[in-house]
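J.: Residues per chain are reported as follows:
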Amino acid sequence: MLSRTADHLYWMSRYIERAESLARLVDAHYRMSLLPHSVDALEASLRSTMVALRVDHAYNKKRDKITPRAVFDFLTIDKEFSGSILNCLRSARENARAVRGSLTSELWETLNATWLEARSMTARRANATDTGQFVEWVKERSHLTRGVTIGTMLRDEAFYFTRIGAFLERGDSTARLLTAHQDDLKPGADAGEVPDPFEWSVLLRALSAFEIYRRVYRNVITPIKVAEMLILRDDIPRSLLRCSKEVYGNLKSVSNDQSQETERRAGEIHAHLHFGRMEDITRDGISAFLAQYLDRLSDLGNRISSDFLVPVGA
Amino acid sequence: MAARTGEERAHYKRYAEWLANQPPAELAQKRAEADALFHRVGITFAVYGQEEGTERLIPFDIVPRVLPSDEWLRLETGLKQRVRALNAFIHDIYHDQEILKSGIVPAEQVLCNPQYRPEMQGIDVPGGIYAHIAGIDIVRDDAGEFRVLEDNLRVPSGVSYMLENRKMMMRLFPELFSSHRIAPVDHYPDVLLENLRSVAPTGVVDPSVAVLTPGANNSAYFEHAFLAQQMGVELVEGQDLFVRDESVFMRTTQGPQRVDVIYRRIDDDFLDPLAFRPDSMLGVPGLLAAYRAGRITIANAIGTGVADDKSIYPFVPEMIRFYLGQTPIVANVHTWQLRRKVDLDYVLAHLPELVVKEVHGAGGYGMLIGPASTKAEIEDFRKQIIATPERYIAQPTLALSTCPTFAEKGLAPRHIDLRPFVLSGRDITIVPGGLTRVALREGSLIVNSSQGGGTKDTWVLES
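So the protein sequences, as listed, match chains A and B.
Numbering-wise, the first sequence is residues 4 to 317 according to my numbering.
Numbering-wise, the second sequence is residues 12 to 474 according to my numbering.
Don't read these hints as lab results, they were simulated from the structure.
Everything numeric in this text was worked out from a predicted model, so none of it was measured.
Cβ coordinates follow ideal geometry from the N, Cα and C atoms, glycine included.
Just to be clear, a hint being listed does not mean it is correct.
Calculated cross-link-like contacts (lysine to any residue; reagent style SDA-like; alpha-carbon spacing at most 25 Å) [as the list claims (entries may be wrong)]:
1) Lys82(A) <-> Lys420(B)
2) Lys228(A) <-> Asp287(A)
3) Lys41(B) <-> Leu37(A)
4) Lys420(B) <-> Thr88(B)
Partial list, computed: chain B residues near chain A (C-beta under 10 Å) [to be verified]:
5) Pro218
6) Ser219
7) Val244
8) Gly377
9) Met378
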């Protein structure tokens, strides 16, 4: 497969996954904004989330104040902010268009229709209730895209690169969400219950893990248990372990002459989580652990680029 | 659809009956459905110079253009003859130049033509084929006879619309396809692939083919991606290819992979920055050297433009006689060459009734349509002609046949032409029909999509 094609496929699925992650986040905060709850807590949660996603600077350039509505609009439909959901959908579609011949026509049409509809939805969006509908719709389109990808694509390199992109992005997103709540995860904070049940339910809902948590733990929500679930459990679709496992597995399927070291590092990240224990992670501090994980992920992303996507020289 | 007497022509009869029974509201809904589908599938063309991401549909008309099988058969035979002669001509001018020596085509018109590529002199290409894919524009004259208006031998486009229009018609009106015997067209990509593989460099066992595109911003990008996908070959940009030891390779995730045949959709000028335009970012450095060494086949070959130039066009019937010893089956449109004094005098005296075209112009630009122009426009053009007569040719204004088409106020006649695609490999093959283009503006004779033209499905009825 052409390196350029692999590059477009990888970014196509990263952008779709990113749009979904953002939609989940906005969705959870949006639901909370409808409850009779302190606006301060909501705004604080939005602030720390934007910091963790590293979009706070872009936001501050446009607005002086954090208000839920302004943040929602910024993250969902802002045309000038390159990281908005709208622009993620556009980038996904542009990447798909550049390699439409390597996609099944169903997948291309799904991505194209998503972008066309997002554009017209954005154009006619008038009142605040639309935020909820919009992010709900984005999630559905992402689910559909994933289903079409898995249901129609040949299991060849094209498929593996889309999976690598999706799971790298997803692991990154989960780690950043946890980072946004790192204050509650400091050593010694593990004994008690949730300091702010509001924030932690937002987090769980954003990851479709609220009901799952109840099923798995049958207990009250505590930050450490949530972190354990989202870091170390293999059966949680958005956990760090699950994502690392998928990245490693798919990477092995596209292996080439120069990719051994990249595969080894992916395997190392996976093994670290697979054999990791919560006691060890908390002893060194969850924040440090997450920061290290994000660094390793970004290193892996760079290595994948140079091994497969932008091969050096002729 | 209508003969001059106003009666329907026989081959349209069944369709006309069907159409008469369709409720207008339903037809309007089908048209809307077609637009929505074209958008969703992304069958669009990029518009140059407009906001990024601006893509437009080429208007699609749901009334098909119908050709009876006997007429098609004659046209098909004539086109094969013509393309065979054109390939022989290109081979000749890049080798012994017999036709120039015999004085049939003036040597300076070939050798001084900017489309003549001295780099090609003496190069043997596989099978002696230069124009692997030719799009020949056909119109009907006042007597109803087909005539060739123009040969397109560089990178003719539009075939994807021919294929997608057919798919759309079958989706919208399946019942029409059971009540008519319509010759299929969807094997075009198979024939194209087979032809491309058949012209691979000698000695290559399992040739690898790639489609070379300028990229996603090109107006015909959809077609490039479509053809690559339909043939199951890679769609590459210049940056995906490199030349090493006079062989061409693609950069892949598994390392370099050899390419044997390039179906290029970029112009000669941009193919190789080392040989042609040094500022080209679209091409592949060293490609010409690999080509000259016979390590890669480029389709269409470099330098075919010299044969589809409007100044060479008047000589094609002579080429058919010269190379094939045959009488041309499909005639040219009568053409005055303004570099000749007698032609120039005649044309200047008859400007209001003629069409004058720039020799190197394309896309319906740089031309004068006498009957549709104001006095001032004609006088303006007259000055340009007198200044550089050799830059122009003139043709009579053709009646161009019309076909009923949906206009703002319902069905109305609109002018049409036809571009069949002629594929040359081991054999010459033409998929029945071609792309019918239609001038959507009332009275307009310009069918180019850049100037408000649309397209129709083209049916060749099997007998």
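J.: The structure should be examined with respect to each hint, and the outcome stated for every one.
T.: Each hint, compared with the structure:
This hinted pair does not check out: Lys82(A) and Lys420(B) have alpha carbons roughly 39 Å apart, beyond 25 Å. Restraint check: the Cα-Cα separation between Lys228(A) and Asp287(A) comes to about 17 Å, which is no more than 25 Å; the hinted pair holds. Note on Lys41(B) and Leu37(A): the hinted pairing is violated, with a Cα-Cα distance of about 44 Å set against a maximum of 25 Å. Of the supplied pair hints, the one linking Lys420(B) and Thr88(B) is violated, its CA atoms being roughly 39 Å apart against a limit of 25 Å.
Residue-level restraint check for Pro218(B) is violated (minimum Cβ-Cβ distance to chain A is 18 Å; threshold 10 Å). The interface hint given for Ser219(B) is violated, since its Cβ lies 12 Å from the closest Cβ of chain A, which is over the 10 Å cut-off. The restraint placing Val244(B) at the interface with chain A holds, with a minimum CB-CB distance near 9 Å, inside the 10 Å limit. For Gly377(B), the shortest C-beta to C-beta distance to chain A is roughly 32 Å, which exceeds 10 Å, and the interface hint is violated.
The beta carbon of Met378(B) is not positioned within 10 Å of any beta carbon in chain A (closest approach about 34 Å), and the interface hint is therefore violated.
Hint compliance for this structure: hints 1, 3, 4, 5, 6, 8 and 9 are not met, and every other hint is.
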